[in-house]
Each structure stands twice: as structure tokens, then as C-alpha cells.
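Undergrad: For chain A, the structure is supplied; the task is to place chain B on it using the hints.
Number of protein chains: 2
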Amino acid sequence: MQRTEISAYGEFGLIKYLTEKFKIENPSTLKGVGDDAAVLSYENKKVLVTTDLLLEGIHFDLVYVPLMHLGYKAAVVNFSDIYAMNGAPKQITVSIGVSKRFSVEDLEQLYAGIQMACTKYGVDLIGGDTSASLTGLAISITCIGEADEDKIVYRNGAKENDLICVTGNLGSAYMGLQLLEREKVVFGANSEAQPDFENRDYILQRQLKPEARKDIVELLAEKGVVPTSMMDISDGLSSELLHICTQSNVGCRVYEDKIPINIQAVIMAEELNMSIVTAALNGGEDYELLFTVSLEDYDKIVGMEGVAMVGHITKSALGLQLVGREGDEIELRAQGWNSLEE
Amino acid sequence: MQRTEISAYGEFGLIKYLTEKFKIENPSTLKGVGDDAAVLSYENKKVLVTTDLLLEGIHFDLVYVPLMHLGYKAAVVNFSDIYAMNGAPKQITVSIGVSKRFSVEDLEQLYAGIQMACTKYGVDLIGGDTSASLTGLAISITCIGEADEDKIVYRNGAKENDLICVTGNLGSAYMGLQLLEREKVVFGANSEAQPDFENRDYILQRQLKPEARKDIVELLAEKGVVPTSMMDISDGLSSELLHICTQSNVGCRVYEDKIPINIQAVIMAEELNMSIVTAALNGGEDYELLFTVSLEDYDKIVGMEGVAMVGHITKSALGLQLVGREGDEIELRAQGWNSLEE
Chain A
1 MQRTEISAYG
11 EFGLIKYLTE
21 KFKIENPSTL
31 KGVGDDAAVL
41 SYENKKVLVT
51 TDLLLEGIHF
61 DLVYVPLMHL
71 GYKAAVVNFS
81 DIYAMNGAPK
91 QITVSIGVSK
101 RFSVEDLEQL
111 YAGIQMACTK
121 YGVDLIGGDT
131 SASLTGLAIS
141 ITCIGEADED
151 KIVYRNGAKE
161 NDLICVTGNL
171 GSAYMGLQLL
181 EREKVVFGAN
191 SEAQPDFENR
201 DYILQRQLKP
211 EARKDIVELL
221 AEKGVVPTSM
231 MDISDGLSSE
241 LLHICTQSNV
251 GCRVYEDKIP
261 INIQAVIMAE
271 ELNMSIVTAA
281 LNGGEDYELL
291 FTVSLEDYDK
301 IVGMEGVAMV
311 GHITKSALGL
321 QLVGREGDEI
331 ELRAQGWNSL
341 EE
Chain B
1 MQRTEISAYG
11 EFGLIKYLTE
21 KFKIENPSTL
31 KGVGDDAAVL
41 SYENKKVLVT
51 TDLLLEGIHF
61 DLVYVPLMHL
71 GYKAAVVNFS
81 DIYAMNGAPK
91 QITVSIGVSK
101 RFSVEDLEQL
111 YAGIQMACTK
121 YGVDLIGGDT
131 SASLTGLAIS
141 ITCIGEADED
151 KIVYRNGAKE
161 NDLICVTGNL
171 GSAYMGLQLL
181 EREKVVFGAN
191 SEAQPDFENR
201 DYILQRQLKP
211 EARKDIVELL
221 AEKGVVPTSM
231 MDISDGLSSE
241 LLHICTQSNV
251 GCRVYEDKIP
261 INIQAVIMAE
271 ELNMSIVTAA
281 LNGGEDYELL
291 FTVSLEDYDK
301 IVGMEGVAMV
311 GHITKSALGL
321 QLVGREGDEI
331 ELRAQGWNSL
341 EE
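One line per chain: the protein sequences are A and B, in this order.
Residue 1 is where the first sequence starts when you use the working numbering, and the numbers rise one by one after that.
Residue 1 is where the second sequence starts when you use the working numbering, and the numbers rise one by one after that.
Source of the hints: derived by calculation from the structure; they are not laboratory data.
Don't be surprised by glycine CBs; every beta carbon is placed ideally from N, CA and C.
Only part of the chain A face toward chain B is listed, based on derived beta-carbon distances under 8 Å:
1. ASP36
2. TYR42
3. VAL49
4. LEU53
5. SER95
6. GLY127
7. THR135
8. TYR154
This is chain A alone, in the form it adopts within the complex (with noise of 0.2 Å):
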């Protein structure tokens, strides 16, 4: 395969090739890349603002994410944010620090997988930078939204007696991690040894190529359903539940029988001998939509398809309850990734 050394581009001669393919598709868009800032238009719209930082090593590991994976996940993963507040993403800024190992052909398929996200989501990229790192990739993206002011959807408008809705399923994205970090080290004991994939493509794609719920934002629109409170969950159920119940002041009761798990997330998890539950807890990047409606959308909201009803909310002296199989109760913690502990 051909290798091109990025110091064959300047930086500025880099970040016009790796972007010259990208086109201007939203009208909020005035001007994109290539001034000392981008000049958007948001005139009968609110503007919203998010932003990740991702490091090699810390969030992600290249040994078993291909880059164009990578280059699409670090794109949804902040559209998914703008979701979570109801909005629609509009323009992302990327960028970029990279070391001598990585040549343009890698930049090359990074940026493909967040074009391929761009164009699925219909966000125009807007600007960014690349510079040389030390050590391994990093990425910066800052995503920017559009939504109206009085459909916007926070954290903290959960009020007692609210329906708690879960959308697709929890806990597949961190199954697939442990069944990449298990092959990682068969891996590495025998170089020979061929990745058992078979049946597992779903918990795989799940981790290495999630989707944000557009899709759910757009019905719930359709539907005439605001939210009173929503997230994203990328921490796992636990973490956020306690995000949204703190921030609304409020406790909630989650049946643990109501909460969304796929088959191969499953069966992965009784390999591995771990609790699958826990995983939905705890697991975290799965980029479902956390949120509470009032009981009046009851009607609108059963049936919906993608989402579950999995709890309801109550008074904040009642705490955080998840109610097991057997009727159970524990207090919910949040157990979620916390990569400042890495």
C-alpha cells in the first residue's frame, strides 16, 4: 500500500487535500474552511454548542479500530450529543494531532469515515486544524446544532410520574469492546490466530460503528412528543439516570426486566461470564437516547418503535431504585467509564 509522509503536504496543503472533498450543503452554512473562522448563519434557530476530545490509548486503540471507524464514531458520537437536546447537528470542526507514523493514506480513511458520517447526517465540516503530535492521534471535534428554543430538551426538566424511555438497546457497544480486547490478546499470544467473529457482527458494529438516534428525534417531532428531559447515553444507564435525576431533582424506579439487551450481547456476555445487566448499566457507548416524557404522551409513546419504556420517575427522597426480577430493589450508582481513572 502506498505510503505518503505528511510533511509531503504543509499543514496548510494537508488540511485543504483532506477536506477538498468535503461540499457545503446547509443553508446556516455561509462560509467553511479555509478563513481564520467559520461564518455561520442561525437566525431563527438556537445554536448549539458540544465538543470531544479523543486520545490514542485513552479512548480508542488502533490496534482493532480500523481509522475510518474511528474517523465516523468521533463525528456521531458529538451529532448524538446535539440529539440529546433535541436538536439536529448542522457543522463540525475537526482537529487533528498526529505523529510520524501515521501517513496521509491513514488521514485519508480518518476523514472518509467522518465524511461518510457528514453526508449520512447531513453536516457540513467546517474547519479545524492539524498539527504533529508526540505521541500517537488525537482528535478534537466541536459539533454545532440547530434547534428551536422551545423544543429544546435539557437535563433537568424531569418532573415526578414521568415515563424514563430507553431507545434501541444497552450494553451491545461494551460487549463488543470485551470481545475486541479479548481478541487482542489471543492476538497477541499467536499472531496466527484468525478473530472469532461469526454471529457477533451486531455487538461488533455496535462498538465500532455506532449510529446517533436521528431517527427517534425526528419521530418524536412527527409525533408532537417534546420531552421533558434527555441524554445521550454514553456512560451507561446508571451514570446518566443519576445525571438527569440530580439536575431534575427527582429519584426514579427502573424495572430491570424493561431494559433493552440484544441476543448477541447476551449470549457474548455468558461467555465472558459477566452480568449482561451490569453491561447496560455501566457499559456506556452505546449512544441510545435516555428520556422522560410526561404520562399524557403514554399514548404516543407505546408502540413507538426503537423505544422502550423501562421505568418512571419519582420524588427525589424515594432515590435512584432499580427494581430486579424477583421485585427486588437496589440503589442505583453510577459506575459508568470514568477515563480520568485510566
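TA: Below, chain B alone, put in the same frame as chain A:
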């Protein structure tokens, strides 16, 4: 000095602790830190967005850069990009990756510097991210600003006969860097050595604590001058002139004896046997403004404090010419800092 390990806080606790001292001042900031995304209102203004990724060992050296200065500078260089569009910075997001070498007190220093810059320039901190890093410190800042659409100044509007203007003076930040690098080598050889910084406070300040030219942007507005093109000088005058001339499809003539230079920078250059003109043309990190104005604005610009006219715009075919003190002409080339080649 007290040392609190970062692990004593969780990720969320740390963000909260570091950002809770920041106040929200701008009416355009509807919601800052604490949700999936910040919410801004830009109904009567256009939105400007710029971003920078700074990596330890590439963009800064903590041997001689105090963390508070680093925080200040990291914020200010982003503000500078917004002023360079003839706008005003209003919000920033700050993401950091930190290795175990850093304590909570270190980060407090960094954020104190960021806060000082935010207070001085009237900018709100609205979001960000903290994470572990395997190696050193990574800082990613995105700055959002506002401008009236008809006042935004791009790089591509310079016209033949326009006057070329530069604010402040050039080359001082680079000479400050050379001084710091020299003292670092001296200190490496003899740790008893005391750095010799007498009468060098100005060039040190230019390197360690640069300012963005808010004052000039405000002065131009006051005088009713909208430049035809503008950018900030972060990579040296040559490199920036090349950007403006290329994007505007024009040439330029710049006069060596008109380039504003500070006496401390001249003395330092002599001491180090370096050319101060080369430092001014290619040194970088001045964060002054380079702009062009129509000849009709001559009267408004001449005598404007802090602004020097250094040449004029020509037809593209005439290229980029530096006219020396003896009337000799040299073709300008961009030799600005290229952090990809380090």
C-alpha cells in the same frame, strides 16, 4: 505546595470544580456547562467559529511556560482569530487531556489563566471535556463569536492599490521564544544558573502572554473603516501575505523599513546573530492583525495609533515583493512555522 491527585475528583466533579468560578456574562449564552450541549442565541448576528488544538512538546514547553500563562494564551489566540474576521469573541469551549503528572492545582492554574482571558475579553466558558492522556497535556479550544454580516472581513477581498496595514510590531514573540530556548539550554547545563531576563520583559511578555487586537477592531469600527481583507499574524507576515494574496488573487509590495519592530527584539536579534527582519517575516505568534484598506480610507488610517502601513496591493502578475532598505527587491515566500514538520 499542595498536590491533589486528579483521581480524587471524578470526570464530572473535576469539570464542575474547574468551571464553577466562571460567570456567564453574554446575553447570547442561554446555557453553558452542564448539559449535552451549550445553547446560544445569535438571532441578529452571524456566528463565527474557530478552533485550535495545542499539544505539549509541539505547541508549548512547560519547562518555561507557566500553566496560567498557557491558559491565557490558549484562549487569547482563539479570540484573535475571531477579531481577524472583524468580529467579537463571545463563547469558548475548553477540552483538556492530562497525564498523571498534573495535579488538580496545576489545572486550577491553567483555568485561572483561561478565566483571566475570558474576563478581559468578555467571553463565556460554555463547555468542554476533561480526560486522561497517556502523555502530557492536550488543550483543545473552540471559540464562537459574533459579527454583523456586512462587516465580516475575509482573506479574499484585497484589491489592487489597497493599503497594507499591520498592527503593533512583529518578531517580538519569536525573539522572546529564542531567549527562553537559550535560557533553557543554559539551565540544562547548569541548574544554578539564573536566567538573564533584564530589559527583556517586553519580548517575554509577547511570547508568554500575547494579547488579541480587540482595541484595533473597535477603533476601526469607530472610524467607520471596514478592511477589504484581514487575518491575524500567527505564522509570520510572509505566510499571511501569501494567504491574502493567493485568496484575493493579487500581488503586493511591502517595504522592509516600514515593518514595525520593537527595540528589545532588535537587541535580542543582534545578540543572537539573527536577522530581526527574518523574525518579523517568518517568526510567528505575534497575534497582530494584517489588513488591507481601500485608498479612500487613507485619511482615517494614517496616524491611527498602533497601525503601520507597510505597503500596497498590486496586480497578481507582479507577485509578492519585499522592497529592501537599498531599494532591492526580494520575492516573499512563506516560511512560517509549520508544526507538522517538527
